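> Sequence:
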Amino acid sequence: MHRSPGWFHQFETLFNHFIELVVPFFIFMGRRMCMVHGVLQILFQWMGFLSSLPAQPSCDSFHDSVFPRGPCPRDLGRLGGMSQITQHRACELFANNRLDVVFCSITKERTEVILQGTSSPDPNDPAAVWQEFDFKCKPGDLWRRPCFISPYHYRLDWLMWFAAFQTYEQNEWIIHLAGKLLAQEEEALSLMATNPFAGKDPPRWIRGEHFKYKFSQPGGAHAAEGKWWIRKRIGPYFPPVNLQGLRKFYEDRNWPYPVRD
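At position 110 of the sequence shown the residue is numbered 498 (the numbering used here), and the sequence of numbers has no breaks.
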């Protein structure tokens, strides 16, 4: 989509504004236009599984005549009262929660945290070979094209994106993840696209590197090499860590200490 012609980007921007700013008024323009509103709002949700929430009210745009009718089994009649009780109790759990929007703001540049591991005993050795853990969808490998995931949602990749414009002190979970990868725990590895240490000695150290990513230009030298991305190193995100050094970090937070099999 990024490499589409400029006129297409202008069209999709105007169409997005039409869906979000004009289509909602279709609700007040009669039954038929109200149903058109429901169809458009449901079809053009773009936030993955998060879209299931705003899509649900749009179902009210459809008249009862749209849905098939038939005899209702007697036992199903009891579900109405039970569902109301269940919904009421579920809502009570969130009565004091604040409401947050998905995006308060958006960055103009794409920065990424790249997790790298090495089996070298000395992480400061210039000869140490650092290998990257690729995630399932977020930018990492320069030669991998952007993935299409909707309506699915890769939660870890999403969190890594937000962590990239904050610090690791604000995202302690990323150090927790590093410990899991050091221990080569299967549950953590299942969230990754690749494990560069599969069938090899496990990593002794893992570090986080901070990069700025941007798309390669069609017809340019990088695109000719098959690269979808160009990146520039910003600096270290978090220093090299090993399992022994993370023991106190885990204990202070009452986290289970990862142990290699």
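The hints are simulated quantities; they were obtained by calculation from the structure and are not laboratory data.
There could be a bad hint or two in this list.
[Stated by the list, open to error] Below, simulated BS3-like cross-link-like pairs (lysine-lysine); rule was C-alpha separation at most 30 Å, straight line:
| id | residue 1 | residue 2 |
| --- | --- | --- |
| 1 | 600 | 568 |
| 2 | 636 | 615 |
| 3 | 615 | 588 |
| 4 | 636 | 602 |
| 5 | 636 | 620 |
| 6 | 620 | 524 |
| 7 | 588 | 636 |
| 8 | 496 | 588 |
| 9 | 602 | 524 |
| 10 | 496 | 602 |
| 11 | 620 | 568 |
| 12 | 496 | 620 |
| 13 | 496 | 636 |
| 14 | 602 | 615 |
| 15 | 524 | 600 |
| 16 | 496 | 600 |
| 17 | 600 | 620 |
| 18 | 588 | 568 |
| 19 | 524 | 496 |
| 20 | 615 | 496 |
| 21 | 568 | 636 |
[Claimed, not checked] Label pairs and their calculated CB-CB ranges:
| id | residue 1 | residue 2 | range |
| --- | --- | --- | --- |
| 22 | 637 | 417 | 57 to 63 Å |
| 23 | 400 | 442 | 18 to 24 Å |
| 24 | 497 | 578 | 35 to 41 Å |
| 25 | 537 | 513 | 37 to 43 Å |
| 26 | 636 | 410 | 54 to 60 Å |
| 27 | 519 | 445 | 44 to 50 Å |
| 28 | 603 | 578 | 52 to 58 Å |
| 29 | 398 | 586 | 20 to 26 Å |
Keep in mind it's a predicted model, so treat the numbers as computed, not measured.
Note that CB positions come from ideal geometry on N, CA and C, so glycine has one too.
> Each of the hints needs a verdict: does it hold here or not?
Structure-based check of each hint:
no. : hint                  : verdict
1   : 600 - 568             : holds (26 Å)
2   : 636 - 615             : violated (41 Å)
3   : 615 - 588             : holds (28 Å)
4   : 636 - 602             : violated (38 Å)
5   : 636 - 620             : violated (34 Å)
6   : 620 - 524             : holds (21 Å)
7   : 588 - 636             : holds (27 Å)
8   : 496 - 588             : violated (39 Å)
9   : 602 - 524             : holds (18 Å)
10  : 496 - 602             : holds (11 Å)
11  : 620 - 568             : holds (27 Å)
12  : 496 - 620             : holds (15 Å)
13  : 496 - 636             : violated (38 Å)
14  : 602 - 615             : holds (11 Å)
15  : 524 - 600             : holds (19 Å)
16  : 496 - 600             : holds (11 Å)
17  : 600 - 620             : holds (5 Å)
18  : 588 - 568             : holds (17 Å)
19  : 524 - 496             : holds (23 Å)
20  : 615 - 496             : holds (21 Å)
21  : 568 - 636             : holds (15 Å)
22  : 637 - 417: 57 to 63 Å : holds (59 Å)
23  : 400 - 442: 18 to 24 Å : holds (19 Å)
24  : 497 - 578: 35 to 41 Å : violated (30 Å)
25  : 537 - 513: 37 to 43 Å : holds (38 Å)
26  : 636 - 410: 54 to 60 Å : holds (57 Å)
27  : 519 - 445: 44 to 50 Å : holds (47 Å)
28  : 603 - 578: 52 to 58 Å : violated (29 Å)
29  : 398 - 586: 20 to 26 Å : violated (45 Å)
When the structure is compared with the earlier hints, violations turn up for hints 2, 4, 5, 8, 13, 24, 28, 29 and for no others.
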